[in-house]
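Just need the whole structure built from these sequences, with the hints factored in.
Protein chains: 2
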Amino acid sequence: MAEAEDRESLLGSNRDRSSSTDSRRRHNPFMSFRNRERWSNYPPTMYPRTRTEAVKRAHGDEGSLTRDVENSRDNDENEITIDNEQSIPEKLLSARFESLDYDICENVLYQREEKQKTTKGIIRMEVARWFVSLVIGVLTGLVAAFIDVMVEKCSSLKYSYVKNYVDSCVDNHCLYVPFLMWIGFNAGICMVGAIITAYGEPVAAGSGIPQIKCYLNGIKIPHVVRFKTLVCKVVGVVCAVAGGLAVGKEGPMIHSGAVIAAGVSQGRSTSFNLDFKIFEYFRTDTEKRDFVSGGAAAGVAAAFGAPVGGVLFALEEGASFWNQGLTWRIFFASMTSTFTLNIVQSYVKGHAWDLSSPGLINFGKFDNTQYSGFEIPIFLIMGVIGGLLGALFNQINYKLTVYRMRFIQKKWKQVLEAMIVAAMTGLLGYISIYFNNDCEPMKGSGDGEPVQFFCQDGYYSSTASIFFQTPEASVKNLFHEDIGSYNIETLGFYTLGYFLLACWTYGLSVPSGLFIPSLLIGAAWGRMFGILLQFLLPHADWADPGKYALIGAAAQLGGIVRMTISLTVIVVEATGNVTFGLPIMIVLMVAKWVGDFFNEGIYDMHVHLQGVPILGWEPPDMSANISATEVMSHPVTVFRSVESVGRIMDLLKKETHNGYPVVDDYSPDRCIRRGLMYESFGTFEGMILRSQLIMLIKFKVFNENPDINSLQTTLKSVDFRDAYPRYPPIQLINVTPQEREMTIDLRPFMNPAPYTVTNSASLPRIFKLFRALGLRHVIVINNEHQVIGMVTRKDLARYKIWRHRGQISMEELLISHS
Amino acid sequence: MAEAEDRESLLGSNRDRSSSTDSRRRHNPFMSFRNRERWSNYPPTMYPRTRTEAVKRAHGDEGSLTRDVENSRDNDENEITIDNEQSIPEKLLSARFESLDYDICENVLYQREEKQKTTKGIIRMEVARWFVSLVIGVLTGLVAAFIDVMVEKCSSLKYSYVKNYVDSCVDNHCLYVPFLMWIGFNAGICMVGAIITAYGEPVAAGSGIPQIKCYLNGIKIPHVVRFKTLVCKVVGVVCAVAGGLAVGKEGPMIHSGAVIAAGVSQGRSTSFNLDFKIFEYFRTDTEKRDFVSGGAAAGVAAAFGAPVGGVLFALEEGASFWNQGLTWRIFFASMTSTFTLNIVQSYVKGHAWDLSSPGLINFGKFDNTQYSGFEIPIFLIMGVIGGLLGALFNQINYKLTVYRMRFIQKKWKQVLEAMIVAAMTGLLGYISIYFNNDCEPMKGSGDGEPVQFFCQDGYYSSTASIFFQTPEASVKNLFHEDIGSYNIETLGFYTLGYFLLACWTYGLSVPSGLFIPSLLIGAAWGRMFGILLQFLLPHADWADPGKYALIGAAAQLGGIVRMTISLTVIVVEATGNVTFGLPIMIVLMVAKWVGDFFNEGIYDMHVHLQGVPILGWEPPDMSANISATEVMSHPVTVFRSVESVGRIMDLLKKETHNGYPVVDDYSPDRCIRRGLMYESFGTFEGMILRSQLIMLIKFKVFNENPDINSLQTTLKSVDFRDAYPRYPPIQLINVTPQEREMTIDLRPFMNPAPYTVTNSASLPRIFKLFRALGLRHVIVINNEHQVIGMVTRKDLARYKIWRHRGQISMEELLISHS
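So the protein lines, in turn, are chains G and H.
Each residue of the first sequence is one higher than the one before, counting from 197 in the numbering used here.
Each residue of the second sequence is one higher than the one before, counting from 197 in the numbering used here.
Simulated from the structure, these hints should not be mistaken for lab results.
Quick caveat: nothing in here was measured; it's all calculated off a predicted structure.
Careful: at least some of the hints might be erroneous.
No copy is singled out in the list; a pair is fine if it fits within one copy or between any two copies.
Here are the simulated EDC-like pairs of lysine to aspartate or glutamate, each with C-alpha atoms no more than 20 Å apart in a straight line [claimed, not checked]: (1) 316 - 817; (2) 316 - 792; (3) 561 - 846; (4) 996 - 294; (5) 484 - 814; (6) 313 - 875; (7) 311 - 814; (8) 311 - 817; (9) 473 - 918; (10) 316 - 814.
Following this line, the structure appears as structure tokens:
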């Protein structure tokens, strides 16, 4: 029939996207080669080799499947061999990372537990959630206060020593003594921090925001929420800041809050082998992730005194599904955290009840909070500058990071590098104070006492006032000092020097926040901008350099990190004044647009360099024509609903997948219909996780076991949660040869109704399902309800969209197994 | 085998939840009677009859299914007959409401369109989205400015007339003249507003927040985003505020913004039959809803000068799936809206560029922005008071609303009621000014000139200064007047009077915001609280009544509306100062907790009284044991993949369902397995919407049609979007008897892979899928991929959780077809 053929072509039209549809490919519609060709377009030695030893497409290690590698190589022209020197770090996905599972396994054990729930139980659980949030908030606030106090103590010790020697040496001509002293202090303190980080817990390096972002996105980064990481982070950041590096202590607070949340909510510490037997119900990925978002928010709240900003940060970075109750609880944790910090800081500063220090940094009180409509274009220009400088910063840091990944892998090299940078920072500060004779008459305002240094009596060195104190104090000075406090040369020199230093510093093996350096750079050129404006328009008394310093700081920050609404709120809350909301929004928006034209935000950049399979907010553009059969991995390893212990053991040992479909009977089936080959693996019945199988074998829930009855009734969900998250490896579990012959009935334990899609579902559809519900596996079934494939995070994350310089292109990343 | 039986009981354990499992019920596992018994517990005449004429369970009119009513009545003891006098409004779901569909139909037409997308096209679309957001923001700001100017003009006209007469009549003893004049003005202006609302567009009544909440939740409220509604809303709110009612103009702004967004984004007006042929791609529920959230946010931003609050409002009320790009665009619209309003208002007030009026209301500049830690307990107490008063307010308003639904249905009665309330408001004001001799010496501060009224020269009437001006000005006065400005009696009288008036007013047939009255009540008792504190603790100079007025206002507002994080941010932004953030959060949190103990927030209450099938954030507690087979509606009306035109026409005319599963062949099948009866309706192939079927018949895409070829290729997605959202009714489409015999191949047009669940999925699982992805239909299939039922919004919304006074209980609502 003619119609049938027409229909056929119509129905088939979503398949013949690639122009060179040859008959061989049509026989295997599951394979996708579309974007392979693009690989050959990259210059072979454009990027150095990184951590990748061998790169091969295929075999996503998560999910119960192995890509049919042999099968997919039927097309020689598309064959790719990427040797070591050619791999492009950000074009690779690492197979190291596992996913979190936000889905609930609704098996019989869960059903039984749910059935026993009472009103009282539900209320008790809810109270427990609020209580945990409270504890998270309090502890995060206390940790923040601890960091702050320690940094203050160490810094003031260091600076007072150096200052004393300067004061005496200016007359005695021994200026090399304080100089060497400063350098020595910096290098020494930083060495401690770097050693702790590099040898203690390398994941504690950096700001921690990329890691938390990944965690909230649903990726298990090894060790990221361990107690040891927290200790390294806290001690390390104190060392880094006190060591004079161009780093802030705010970013690390977010990571610290997350670790605290993960620890408190689980009611135990695996590091100390302590189990308080509380909050056992929270020992699942779902609950833990909820609390971790609360912890991250509490961290932001403590860092910037920005509870609302914290909530928005958690939402922007993590919570795919906005839930009012959860959000409100996150808000509570944030509020508690900033309040705790406030109380402690007020107490430390001697005015116990006045609650004036809600965050580690606050921008101080702006006297002039007015701006006029005609300043909007000026803000736009500043936004553009921020975007450009930010893109440049990220580009340099990208090159540097790639270089580091290649050449600075050894731990001692990392420590050495940190020491060099610390020494350089001291050197730059000292030299600029020495040579830049910007002495201003003493007036005294802003934070910290003015530093006389090499200036005459009655004058203070304005250069020293930026270099010779903690970065937080410098930011406040730049915002609030009187108009004449800094001259243009000082600011210009400072912008350039600090820009390069900060760029070099981010990525060192020390915990290091990026907010404060960005704010400092921006405040310096913003202030310069304001002074220039006053110079150009002599009657412009509205051109307050402090105000422009704030706008510049926002622009620079926006240009580097490219966060949107949460950053706006954080800056507004840190400013303490809503009036500047609009200009800050404008510059952040423009800075992001301009920066995004060139490259990614620095956090995203680092995430991609690590090869983390992070999922964006929306499915990639132009992916609507990619169908499930192309996305999915297959063939699939499946288990029968009543499976022999031996086969389970063997497969678990052989493969590293984390989820396996359960089918009625294992019957791999190939059939050719309408010229297309379909392969299926039995009728889908449910889904079982590796961890569940391990526990079943450990508890010996075998059908031939005499006391199966009691086992099945005594086995509870809590037994599974108890082992969470570190299940014993299958290799450590012994079964006798007799037991190997027994079977396990998986049906009471499997998830009977996991989310599935059919083979005709499109990539965006799967993506939305995956992202909105925080899934770990989606099973692809055909119209007969048979398993034909499986989609995991990596299968989706492979499809990456790049939109730079006005171009949008999609490409498939490779999966690296290094 | 013994194990098999054990397993059977284990597998079956999620079914025999109800203790009285009799054999009859086991034969029909799809029916659920669990909560029916509860109905009999309600006193038969506790609530009056409302709009419900006949209530019957079964037959959800949306989705292609009719509940098997006869079948479900096999259990006589559970039989319920609810006669008219017995129906409990909030225990009913109305069948009137349709759902929005956030899912994309990925049929062949869509695939074809996607395939043709280019980089340029994608960028153009994105630019269009930003442009639309800009226009939405500007227009919303302009409408807000228009409302503001009109209210100011009308009010000042009214007050100046009355004041002149008072001034002359105080000496001439003709005080009845200004009295009657005031009453007359009020009643007259309100009459206009009420007539416009009642006869023009009744959906414009009230604040509009419940309606927008429902829309963002995914429910189509008829006429809610029409142009006519906007006009009625704007004119009505001007009349209501100028008429002296205890209403604000802020709530209606949110609705106005939403209407503007819906209109602008569609690029045409069906009311004026205008089609600008632009933004045609946005003519889907998905895109429209995204823009409407932007409009609502812009409305909040304009109303309170709170762009961040606006975004959070849109998120809290609507967006189930947080999407960074969308959020950022919503933020842009909010920002534009508040900026536009700011510019216009600054211009109107004569200082064009100073940008000092970002919202319709702002709380003015607080001089004393400090608070101490020991005030926290005081704030907690105020939160409790706010929660209690709010719960009382809502309870009274609930009774009143139920009364209104019963007795004030006629339009003329509604107009009359509005006039009476307006007159009463005037009366109360006049009487209280007359009898309450609270004359204070002229000092002058706050907004508006002090009103002398019956006071001596050099004195002004502090009572008049609350009653005799717009509510916005009164709020500001209560916040900022000096300590001695109001005495306790005035404030007490005012609190009581305004509380009752506001309670009476909300629900009248005029557009009316609830924020300002709530703030006023709260500010009055908050100030009173502050004065009492100063009285009790004479040395407490920290007890600034203005500060306590602000806290009281927040507490009262929180107690009534029970919003969480968005409300906090709105209040903080309106205050213009972040310092009060913490106390405001605390009181809002406590007020919500206390209020929730007794009843729901007023918006939720009105939503439930309307029987709107709104879905909460989380699946109901204790619903994990309810399976898909109990939730779903069945039997299901299905179409074959190649279906005769006649059958389609007949079924569409007979039924009102909006989505139909497409199956390979229509083969209703009943089989009994393991003692359970399963009914299935053919192997599932896809899903087709009523609107698509109508368009297919209209375009005569029949297989026997000679030019099917060209039709199939010329028919584009845009043809379907073009008819959106008002598709022609099936009754208006004529087909010849010959055509009735033809067939339509539905496969190119159906959605080939809609989201499905299997029969063993639990209610929470379906709920999450539905809520996170904004679905309209979920199809339930069995393990052979056959359709066995369908779940729509109403099937889920039926399961309602009540948690008041420490009790949690779930019940099934009934569906009313009135």
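**Request:** Could you tell me which of the numbered hints above are not met by this structure, giving the numbers in increasing order?
**Result:** 3, 6
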